[in-house]
Amino acid sequence: MAASKKISLSEEELVSKLKSQDTIAIQALYDMYSGALLGVISRIIQQTEVAEDLLQETFIKIWNSAGSYDSTKGRLFTWMMNIARNLSIDKLRSKDFKNALKNQDIENNVDFIDAQKGVSFNADLLGIKDLVTALKPEFKAVLDMVYFKGYTHVEAAEELNLPLGTVKTRIRMGIMELRKHFN
Amino acid sequence: MEEAKAYIETGILELFVLGQLTAPEEVRVLGMASEHPHVKQEIEAIEIAMEQYAVENAIQPSAGLEQKILDKIKNTAPAVAKQEAKIVSLNPNSKDEYQSKVRTLRFALAACASLLIVCAAALYSAHNDLGIAREQIASLSLDREKFSSTVSFMKDNNADLNKLVSMSDDPDWKTVKLAGKKDPKDNMVVYWHAKGRHVIVNNEKMALPANDKDHQYQLWALVNGKPVDLGVFDVKPDSAHILLDMKGIGAVQAFAVTLEKRGGNPTPTMEQMMVMGGV
Chain A
1 MAASKKISLS EEELVSKLKS QDTIAIQALY DMYSGALLGV ISRIIQQTEV AEDLLQETFI
61 KIWNSAGSYD STKGRLFTWM MNIARNLSID KLRSKDFKNA LKNQDIENNV DFIDAQKGVS
121 FNADLLGIKD LVTALKPEFK AVLDMVYFKG YTHVEAAEEL NLPLGTVKTR IRMGIMELRK
181 HFN
Chain B
1 MEEAKAYIET GILELFVLGQ LTAPEEVRVL GMASEHPHVK QEIEAIEIAM EQYAVENAIQ
61 PSAGLEQKIL DKIKNTAPAV AKQEAKIVSL NPNSKDEYQS KVRTLRFALA ACASLLIVCA
121 AALYSAHNDL GIAREQIASL SLDREKFSST VSFMKDNNAD LNKLVSMSDD PDWKTVKLAG
181 KKDPKDNMVV YWHAKGRHVI VNNEKMALPA NDKDHQYQLW ALVNGKPVDL GVFDVKPDSA
241 HILLDMKGIG AVQAFAVTLE KRGGNPTPTM EQMMVMGGV
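Chains A and B are the protein sequences, given in the same order.
Sequential numbering from 1 applies to the first sequence in my numbering.
Sequential numbering from 1 applies to the second sequence in my numbering.
Quick caveat, the hints were computed from the structure, so don't treat them as lab data.
Errors might be hidden in some of the hints.
Covered by chain A, according to a simulated footprint, are these stretches of chain B (three or more residues, beta-carbon under 8 Å) [to be verified]: (1) 13-23; (2) 51-62; (3) 117-128; (4) 163-172.
Label pairs and their calculated CB-CB ranges [stated by the list, open to error]: (5) B/102 x A/64: 47 to 57 Å; (6) B/25 x A/71: 14 to 24 Å; (7) A/138 x B/25: 23 to 33 Å; (8) B/28 x A/158: 22 to 32 Å; (9) A/12 x B/102: 37 to 47 Å; (10) A/97 x B/28: 43 to 53 Å; (11) B/28 x A/181: 47 to 57 Å; (12) B/97 x A/97: 45 to 55 Å; (13) B/102 x A/68: 31 to 41 Å; (14) A/67 x B/6: 33 to 43 Å; (15) A/23 x B/6: 42 to 52 Å; (16) A/64 x B/25: 55 to 65 Å.
Keep in mind the model is a prediction, meaning the values are calculated, not measured.
Glycine is no exception: its CB is placed at the ideal position from the N, C-alpha and C atoms.
Kindly generate the complete structure, drawing on both the sequences and the hints.
Structural data, given as structure tokens:
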């Protein structure tokens, strides 16, 4: 039941409607950002079903903690993205999720292939692939770890066996490239 | 400017946007952002880039998820309902306010009532005190009257005594002793000043039975064998004056006292002759 008419509001309108608990704000946010947020979540949690549950949780948390959003501290999307990421990372690290992964070890591959098939129908994903390859691999690796995989930059430095300063520089350079690309 | 540029180049802003900083570090970044507009612009540029990156990496959720979310939100809409309930409960709040006002007024009323009782009690006690004071004033004024009457009595007595003293110094005053005719114990004294034609009787030096309310003693002067009326007087145990002025007379051979009807008689009743004495 995809909305036949996409709702799009300015950031200010969105924030004020969200804070006054107008459900139109959630509809608009969903129309504008559900894909982007699911993209972030899916990089951390691959299982489509779980990822969508997390997306649902994300929107409910956005709705319930709208009062705590402070526009002087950052853009609305950054706030929402951090909610999505934190919920996903919490899920990734939770015991029951780890156990479920172990138990479904064999099926996992099938799921993974299905998931890959699922995403491959998404036209947007084709664009990503192009972009991701456009990024230098050393930037992409670091950026994806902290942006999509839920690593802290310290963890990423350990994982990649790189000095912390190098990881920071690579994150910065990667984002600089993205900015160039989008401009 | 240089400071801001160097700060930007550390790459901390990217970590900030990626949510990689601790809370105190975030506070420092926000401080720098509010101080340096350039830092704020940089943060926003990074945010927009990450946002676009995320949008480029979007995965469309399955159909129906939006409805699920909206249903859940409307079910958690108790959150909204709660808020509405809170808004509605502003009325109970104002009712509370109203009730608290009523309570305040009730307190005020109770305070007024108790104040009234206290006032009434005070008034009653003041009224009692006033009554007592009035009685005291009455008794004091009675005392004062008694004193003043005593004083005037003593003044009169004093005047009489002074007169007696001056009379004894004056050789023209004659003291005439009247002896009892009916009862030998009766006696009295009359002072007579021939030149001044004064006749005075002394209540202190008078031993006569007290007269009743229908009778009075009458003093007579015997002039050439004829009685001349010198006036009436009473014999009372508590006579106010020592001396009593009678009618004057120039020449007299003797004084006599008879008991007559109240007001006196033109001629003496000889049978009622109480005392008599010659000059």
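The hints, checked one at a time:
Here's how the segment 13-23 of chain B fares: 6 of its residues keep a CB closer than 8 Å to some CB of chain A, so the rule of at least three is met and the hint holds. A count of 12 residues in the segment 51-62 of chain B with a Cβ less than 8 Å from any Cβ of chain A is obtained; the coverage claim is therefore met, three being the minimum. Counting residues of the segment 117-128 of chain B whose beta carbon lies closer than 8 Å to any beta carbon of chain A gives 0, which falls below the threshold of three, so the coverage claim is violated. For the segment 163-172 of chain B, the stated coverage by chain A is not satisfied: 0 residues place a CB nearer than 8 Å to a CB of that chain, which falls below the threshold of 3.
Checked against the given bound of 47 to 57 Å, the beta carbons of residue 102 of chain B and residue 64 of chain A, roughly 39 Å apart, lie outside it. For the pair residue 25 of chain B and residue 71 of chain A, the supplied restraint of 14 to 24 Å holds, since their beta-carbon distance comes to about 20 Å. Checked against the given bound of 23 to 33 Å, the beta carbons of residue 138 of chain A and residue 25 of chain B, roughly 25 Å apart, stay inside it. Roughly 24 Å separates the CB atoms of residue 28 of chain B and residue 158 of chain A, a value that falls within the hinted 22 to 32 Å.
At roughly 45 Å, the beta-carbon separation of residue 12 of chain A and residue 102 of chain B lies within the given 37 to 47 Å, and the hint holds. Residue 97 of chain A and residue 28 of chain B have their C-beta atoms about 34 Å apart, which leaves the hinted 43 to 53 Å range violated. Checked against the hint of 47 to 57 Å, the C-beta distance between residue 28 of chain B and residue 181 of chain A comes to roughly 30 Å, which is inconsistent with it. Hint check: residue 97 of chain B to residue 97 of chain A, Cβ distance near 52 Å, so the stated range 45 to 55 Å holds.
For the pair residue 102 of chain B and residue 68 of chain A, the supplied restraint of 31 to 41 Å holds, since their beta-carbon distance comes to about 39 Å. Our hint of 33 to 43 Å for residue 67 of chain A and residue 6 of chain B holds, since their Cβ atoms are close to 36 Å apart. Under the hint 42 to 52 Å, the C-beta atoms of residue 23 of chain A and residue 6 of chain B, about 46 Å apart, fit the expected range. Against the hinted window of 55 to 65 Å, the Cβ-Cβ separation of residue 64 of chain A and residue 25 of chain B comes to about 27 Å, which falls outside the hint.
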